[in-house]
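Residue numbers (my numbering), protein chains in the order written: chain A, 95 to 408; chain B, 96 to 434; chain C, 1249 to 1927; chain D, 3 to 535.
Read the hints as simulated data drawn from the structure, not as lab findings.
Worth double-checking, as some hints may not be accurate.
What the hints assert, rightly or not - Once the Cα atoms are required to be at most 20 Å apart in a straight line, the calculated EDC-like pairs of lysine to aspartate or glutamate come out as: (1) Lys327(A) to Asp395(A); (2) Lys364(B) to Glu1740(C); (3) Lys135(D) to Glu119(D); (4) Lys364(B) to Asp1827(C); (5) Lys361(B) to Glu1740(C); (6) Lys1760(C) to Glu1788(C); (7) Lys364(B) to Asp350(B); (8) Lys327(A) to Asp300(A); (9) Lys180(A) to Asp212(D); (10) Lys180(A) to Asp125(D); (11) Lys1760(C) to Asp1826(C); (12) Lys135(D) to Asp195(D); (13) Lys275(D) to Asp195(D); (14) Lys135(D) to Asp92(D); (15) Lys364(B) to Glu1661(C); (16) Lys275(D) to Glu119(D); (17) Lys364(B) to Glu1788(C); (18) Lys275(D) to Asp248(D); (19) Lys361(B) to Asp1781(C); (20) Lys1760(C) to Glu1740(C); (21) Lys361(B) to Asp1809(C); (22) Lys135(D) to Glu114(D); (23) Lys176(B) to Asp104(B); (24) Lys120(B) to Asp104(B); (25) Lys135(D) to Glu157(D); (26) Lys180(A) to Asp200(D); (27) Lys180(A) to Asp300(A); (28) Lys135(D) to Asp125(D); (29) Lys1760(C) to Asp1809(C); (30) Lys364(B) to Asp1781(C); (31) Lys361(B) to Asp1826(C); (32) Lys176(B) to Asp101(B); (33) Lys327(A) to Glu1740(C); (34) Lys361(B) to Asp350(B); (35) Lys361(B) to Asp1827(C); (36) Lys361(B) to Glu1661(C).
Unchecked claim - What follows is a list of derived Cβ distance ranges for each label pair: (37) Arg399(B) to Glu1434(C): 34 to 44 Å; (38) Glu1434(C) to Ser145(B): 48 to 58 Å; (39) His1739(C) to Thr110(B): 42 to 52 Å; (40) Thr379(B) to Gly1917(C): 51 to 61 Å.
All of these numbers come straight from a predicted model, not from anything done at the bench.
Every residue, glycine too, gets a C-beta built ideally from N, C-alpha and C.
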Amino acid sequence: MLRLIVSRIVGLVPLLLIVSILTFGMLHLVPGDVRERILGFEATPEQYEALGRQLGLDQPFLVQYGRWLGRALQGDLGTSYFNSQKVTDAVLGALPVTLSLTFGGMLVALAIGVPAGVWAGLNRGGRVDRIAMFMATVGQALPNFWIAMLLLIPFAIWWQLVPATGFTSPAESIGDWLRSILLACIALGTSASAALARQTRGAMIDVLQRDFIRTARAKGLSRTSITYKHALKNAAVPVITTIGFQVNALLSGALIVEQVFGLRGVGSLVIESVRTQNIPMVQGVVILGTLVIVSVNVLVDIAYGWVNPRVRAS
Amino acid sequence: MSVLLDVADLHVHFTLRRGLFGQEKVIVRAVNGVSFMLQPGETLGIVGESGSGKSTLGRALLRLVPATSGNMRLDGREITKLRGRMLEFRRDVQVVFQDPYSSLNPAMVVADIIGEPLTLHHGMRGAARDARVGDLLEQVGLGRHQLERYPSEFSGGQRQRLAIARALASEPRVIVCDEAVSALDVSTQSQVINLLEDLQAQTRVAYLFIAHDLAVVRHISHRTGVMYLGRMMELGPTERLFEAPAHPYTRKLLDAVPVLDPAVQKRRKAARRNLPVVELPTPTRLPAGCVFHTRCPHVMDVCRHEVPEPVPVQGGGWVACHLQSSGPKLAGRPLDALG
Amino acid sequence: MSRAATGVAAEDTNAQAPLTGFARTWRAFLQHRLAVIAAGYLLVLACVAIFGQALLVHDPLAVDLARTFEAPSAEHWLGTDHLGRSTLGRLVVATSVAMQAACLGVGIAIVLGAPLGLLSGYFGGWWDRIGMRLVEAIVALPALLVPIAILAILGPSLTNAMIALGIANSTAFFRLMRGAALEVREELYVDAARVSGSGNVRIVFRHVLPNVTGPLIVQTTLAFSYVLLAEAGLSFIGLGVQPPESSWGVMLATAQRYVQQQPFLAVPPGLMIMFTVLAFNLLGDGVRDALSRAGGVVRAASNPGRVPGAGATRASAAAGSVATATVGEQPASGPSVPQALLSVTGLEIRFRGARGGELAVVSDVSFDVPAGRTIGLVGESGCGKSVTAMSILGLLGDSGRIAAGSIRLAGQELVGLPESALNGIRGASIGMIFQEPMTSLNPAYTVGNQIAEVLVRHAGLGRAAAAARAVELLDHVGIPGARQRAACYPHEFSGGMAQRAMIAMAIACEPKLLIADEPTTALDVTIQEQVLDLLSGLQEQNGMSILLITHDLGVVADMCDEAVVMYAGNVVEQGRVDDVLLDPRHPYTAGLLASMPQNLPQNRPQSRPRHHDRSGRLTQIPGRVPPAWAWPAGCRFHPRCPYATEVCRQAVPQMVAADDRRIACVRAGEIDPVAGWRA
Amino acid sequence: MSVARFGQCGSRAVAGAWHASPCTLVMLVCSALLAACGPVVDRDALADRTIRFATYQPLITFDPHLSPTGPTASTYLSPVYDGLTAPHPDNPYDVLPALATEWRWLDDRTLEFRLREGVRFVDGEPFNADAAKRNLERMLALNGPRRNTMRSIREVSATGPYTLRIALYDPDPTLLRNLSTAPGLMVSPAAFDHAALDLNPVGTGPWIYDAAASAPGDYYRFRVNPDYFDPPGEDFGELEVIVLADGRTRLFSVISGQADIAIIGPPEADHAKRLGLELARRANRWMGMTILDRRGELVPELADVRVRQALAFAVDRQAIADAVYFGYASPAVQPMAPGLGYVPELDDYYRYDPERARALLREAGVEGFSFEVPVGSAGSPDYEAIQHYLRQVGIDMRLVVMESGAYTAAAMARTFPVNTIGYPNYDPDSRHLAIWHTQSAFNPFRIESARINELADEARFSLDPELRARNYREYFDILGREVYSVVYLHVDDLAVYDDRKLQGVRLGAYIDPALRDIRLRRTTDCPDGSAAC
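Bound-form chain A, shown alone (with noise of 0.2 Å):
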């Protein structure tokens, strides 16, 4: 098991540095001059010279990159085109809004997910079954960011029952943080949820196939036992595969979801990058963005070795 983990963590490596690489240099594509965008138009060609030398773009592509991973490596992902702000600080003041929807969704995703797809799965063919992936496919259907426009004007608008828009942190109270990510974790969940609770239902009907079922059956055990014994564990292997995509998607769904509520995380930070063209920032949100994907795939891969000696041992 522990082999397991360290070889994930070591495989990382690698992985990020082809992402950076990537991202590094598709960003160093963007067209026109990046010291334009800085100075403005009215800005003499000595300022031009200077601003050149500062970010390092008289050096080839390699030494910038190299440099630029040299900070990286001691956690400075540079710096913005606009101010003195340092990327890491913006991007990582922005996170716990974003991470705090993206895994409060998963939450609700698991809560309704998991539980709706075992029982549509035991009891496939039935009502339970019919309606519960009905309404998984429904769900699928619905972009997350309407659920939120939809939620918002009753809940919010109307009733007053949470905040329409702000984040508190967790670390000032937890209730408010609760309720100013309630909203919108219900509405990211939901569509999660259908795509959790149709997998789950698949591997559940796949696993109470298969022959070891039936050895448990002529062993005489409880259908609870085989249900939760047996089969659960089993059925775990693919829905934990389905986590770790969706917990891709959710943090991709939040941050189109923390507009409709006006919370400031990461989206808000890139969108606003994005229209500024203010690539080290964009550079920042993608790098940490994936250090969290990879970091839940690394423990998404390490609950796979629990539930799958097969994984473990290799």
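Dock chains B, C and D against chain A, hints included.
For chains B, C and D alone, coordinates are given in the frame of chain A:
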């Protein structure tokens, strides 16, 4: 008789990588120094348990996996190192696989499946091709009207007939039958075996008949080779090999196959030696010396260190066993053979 | 048991008019009502996208500042927006934009991802490794950030957004095609094509490509959903379609802006997105389903022989013929045997078909298993032997049931027992082992755990005691190093060891009866020998009875005291094993024996069985075992029987007992069942 | 399997954490839902003494000498910095004393300031003539975006510890006002070389920026400066500026009590009023198009003045003001609001008259033409409406929606024949230099209009109000009749606030409230006497 196929000291090794960075290399010696010859119109049976390398041997012969070392000659022509499409070689050596379901492309109709080699090797197209495919279908006991059907519309036995028709299409000299009847039910199996025998009588095609079912091999083969963990342990005329096996492993295999006479079988069962259960060696961790020594009831010191060389056996063929070369003998015959 | 359902499909298509793969898929698709509706909806949507603007009553760009934010009315069916434009009109324009955008995005994704993935998967090697690393890297990026980063370079616009989404989504196609190509590459038919002389190009285009188009279509529909949702999201946050261009996302952004003035504005575009994505998803589901139903024939049926009771769940018009089968008639009393431990009488098992209706797959089956004896249930696949065995434990699954007959264990009637009572018997009085020991063990738990579980359940042992007993049991069934092996997972066992572990589990509670369903079929002969010896040894020690289900008559000869031969859901012959094997009385038994190549020991027996002919050719039984829905009237064997007469075509043979034998053949006694096969 | 089984998570046969987890999750989420469904906490109680202002634009830089003027400057710089002068809240052409207590023109090219004594920057450095001189010199040397507004300054000298003299190249009637904007704000000379000055201001203002408690881009907190030279009284509060990109969200933030005052757009205004919130409004900007390509290089038709006039006649301004701006705008035909540069006669000249527009086009021999217009995404509805009206007279205006950065850049390049920037509707001197002067940034085609330049040059180098009024009247008369810019509306800036908590709210010269003037209501001020406010 002339030699059609000559395989000498064939090795097929695979490399697996393990560990964090794939730093641990594990070499799987799937086929480990196998030699034999095949004559036109002959059936050579290859028997062995799973992991014995018999299928890999067939695939190496078909050039589906590369040989690590050794030589294969077809009609005296070196075929081990052929490159490219090898059309001429492909025409001469064909295959019938075990699984009649996955060996036929589900997206193609019969005419295309069987017609493909006709187009490739004989340039036949259109009506001419279809006519020839029809002939082939009739030859294997199917009807011309089935030209436009998909493989999924046939039963297991019929599919195996289709696979045989495809193999025949290029008019090959050798057909590798890789467990060709193993997946079939008994009543269908006998139909296919009879078909193979009839075709051989008509076309003098040679079969390399790979199977785990000794009874089938005994029935169909002229000569039989026994493989264990990548090595050929014994090879000889089928009747001799089955009636007087020279290798303890051959004997063990033969003893393990139940016979249909309950009285006889009960006697054999009572006579079995109840050896302790051991973990079987795998192709990744081959025992030193004779690969069979870990399971051999007659194991001698020499078996643990030296790989036995093939020695001729009375009644035809050869065997690679120290008992036959350096073991104790009685009246000029190895002790074990007296059983 | 549900695998059985697909196992027969191959058989039934043979009887129907030949269908091309496409036609079959199409027909399967048409049965998917929701998917057909979805396809219709998308077709309408495509027409709206292409022709809609021409048909509109209202110019979608016609501003009417006097009539802003109107609710739906007869004139404006969906109301008006902030500039007094018809929402319906804008929706039509938006549909056109969305569809074009989606086509562009998906097109880019396919063109970029599919060919590369196909080649990468087919050829493998370095390119594949580099490609996969790149794809892994892109996949590790937060999904929407890739398009956003690309938009940072190209600037926000619809085309750029679509390029971005296309690139981001191309990885899905890359991975799909790579996976499919990898899978297909391993298929035997690709090897066969190579042996036929096909080059790589030909293999890729003729063999690989046609077999991956199905998944490709499914992925395409999913990609449409993804791109539509992502486009809406990007437009919503202002990075996609730019107003005054209209798209669903832009309309939602507008709706959000004017939510105080007219909340209804959010409804039409949202529903439109929902319905369209839903339609694509349903279409994808339908296509996937249709493909797996049509193509699944190939995949599911590629495990021939492994499917116990194949032919079980198929229902069709032919079910009518089943009605002639005799049901529930009490058979003549069996041969004189010691007190029966298990007594099966007049058993009939029916399965619900996929299209409704019920089909008897086993009928009028009776036999006894005396205490301490081994009874072999023999027959080819599809004869109903496994189903019979499963029915004893009440394990027929949801679609099967015992329709008639009785199963008594030591006098206790098992048919109709409630589940909880059966659970007390399963694993306790009756143990069971299966054909595939590897898949019959739960991969997620250690072997020791799974054995201990039975003991906790039935023997009332505590966890620790059960674990200790599990080790003893493993040792007892001859597993070396039992203590360490108990802590191992099934995948760390070889097939033979796993079957020993299964046996340990089955005998843990010292059952009176062990049902062994093809226990050695998946094993090598030398291992088979050991397992059979183990079973015999255990039987000697604790005197349990064994019901052995097998197709291998050699195993019957080795193990059994008595043989029960089944054909097409009926018992055709039954008797002492020497009698049945050496002197078969039923033509089927005789034919079966004659068609088997034989391995006789070197020291030949004095008496060679009569049916054994070493003249050269094997005896052939024409045809094959028909599937349950195609069972003929009269004697079910008559179409294949060389002795068949008109009587056989009509009369259902009854079980007749004579000299410890029971034979169900109308012509029993008048014929020599061996001689006829020689002709 | 039965539905009921599902609930048996805790049954004895089940052991191990996994089995319990679906149940645990359900319970966790349920408790979260319960916890979250209580009433919204009364946040006023938590931060009673803070004025929370929700705006749309994040800080660009706290370094005034590198900052543009405009809303971000007045939102973020004005709390922490003072200039020599301060803008007059009601009169855009007048200033109030600030760090300078009085000033006088020694001649029309020399201005002398008397500086306030005893003022210290928040880092403890004293403010004096030397500090002021070094600030102005730094500003000139740094060449920031608004240096051009100070281009008349020739030399700055400290003639005493608290007297400062500024020598000019030319007479400059706008200097005093410009000194109150960003480039004229005073930074502690000790902080000049701080690399992070752009995020850590060191000024003399009534508030001190609390960097530790702020999240740049998200929210900015300002503490009251206890040593401010002009103590504002105890009803003065702490300040928090919250950035919310979306107007609707900003309104919600006031509704849910997260902000006390917010910039909103016209769509939100009525909703805010219905909820009983107060609205502050001020018409600061005009909405319309400036014709960049008056020589017709890109669009030949635009060279004809009749075509340009047609653009002005074709649009129903009132309808747009009512429908798109919900009444928070008024029809206008000229850039300047009443005051300097306003020409009353023009108001009668351009009325909504599509017939006239068509006739003019016919006269010009133009039969339908098209041109492209860059529009910021927020301004899109306005131009979609205008597009509709222009189409009625046969003009095909195509909108190209752009992000703000690209949009401003496009307005200064020869890419489009017009721009749609909404300039302030006062201060003709600056507008001339920015828009219509031959060398203006927003005059990329370098179109020269001798008479206009002449009128403006005379006016902007003159300290004579009469002459300035006369010249600018003629200037804008020409501009109006020859349609250098087509003006459609003067648009209100809007701020919504909670008057139970705040008083003294009015909008400043840009789209932002005059933050320094806002006072907290004391409990006794509450209309209903409740303690909530």
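Which of the numbered hints above does this structure break? 2, 5, 10, 11, 13, 14, 15, 16, 20, 24, 27, 36, 38 and 39
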